[in-house]
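**Q** Spelled out, the chains give:
There are 2 protein chains.
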Amino acid sequence: MYNLESIEQRLAEQGYRITPSRLAVVEATLEHSGHFSVDDILGRLPGVGRATVFRTMKLLSQMGILCRVLLENGSLRYRVSHRRDHHHHLVCVSCGSVEELDACIAAGAIDNLARSTGYDIEGHWLEFYGRCGPCRSGEA
Amino acid sequence: MYNLESIEQRLAEQGYRITPSRLAVVEATLEHSGHFSVDDILGRLPGVGRATVFRTMKLLSQMGILCRVLLENGSLRYRVSHRRDHHHHLVCVSCGSVEELDACIAAGAIDNLARSTGYDIEGHWLEFYGRCGPCRSGEA
DNA sequence: TAGACTAATGATACCAAGTCTCAATTGCCC
DNA sequence: GGGCAATTGAGACTTGGTATCATTAGTCTA
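Read top to bottom, the protein sequences are chains F and H.
Residue numbering for the first sequence follows our numbering, beginning at 1 and increasing consecutively.
Residue numbering for the second sequence follows our numbering, beginning at 1 and increasing consecutively.
Read the hints as simulated data drawn from the structure, not as lab findings.
No residue lacks a Cβ here, since even glycine has one placed at the ideal position from N, Cα and C.
Treat the hints loosely; a few may be bogus.
Where chain H lies over chain F, by a calculated footprint (3+ residues, C-beta under 8 Å) [stated by the list, open to error]:
(1) 72-80
(2) 111-118
(3) 126-136
All chains should be modelled from the sequences, with the hints used to inform the complete structure.
**A** The following block contains the structure:
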């Protein structure tokens, strides 16, 4: 869905400079199909500084190209996002692949929740965990 | 709902030793009405070691007395839990108070999700954020 | 009531994830 | 090609949490 050129173009359009480090980070993230950590990217790019990888991934997140994935144990990962609007994830705990879910099942509950609690509800986190089809059949 | 004595009793019943450090940590957590971090507890108990506070809070979490609360930015906090079964939180982003929600709105969606994705769904995270009634009226 | 045995402690080193600083570099526009 | 601001990367720092290990101290039993 994304490729290096299209992201390069979006960076330029938004006034960001095109640098070798930035392109290297973009390229490294595009190679991942599931979720990954900043250190996964750092490990592939020994010539790029730690802070730069963090900065670039933050920038890509702000641009909607990456999104954060919350794992079951509470740690945060990243993944390339193909949906720029609000969505949630279904993460395979075995292979790490991630499905992006198009319907937000929490949306319908928010009005009821606001009424019953008196809160003004502004946001939510929702992530699902399980085992994907291939992982279920591949193991005893 | 909980008090020091009832927790002391539960610790003893489950074969854990009653030590001054443990009781101090329990007491410090009971003083919080909203969510708190390990360092909030550490700050109140300069005589208790860092590792002990972490260990005790982990133990209390396993016993269902504390539960973890995920903040919007992805950081984890703790709170005293009055529900031992599966539940979710509604966190006030202004004052930090936490409502425990009794209905799991995700439960109904899981079957559909499993059918449509082929995943075997084992777990999920769900937290809501907003402003509680007092915080909404107290500020312009 | 005193051992003895083992759980628990706490100092400390370590790890993981992320931010801050700042001098040096380098894209990009003219 | 020059100038300037954005970007870089080294490294120190922060936060949240775990591992190690010698010492201490609950608790059980006699």
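**Q** Against each hint, give a clear statement of whether it holds in the structure.
**A** To see whether the hints hold, each was checked on the structure:
no.	hint	verdict
1	72-80	holds (count 3)
2	111-118	holds (count 4)
3	126-136	holds (count 9)
Figure legend: structure checked against the earlier numbered hints; every hint is met.
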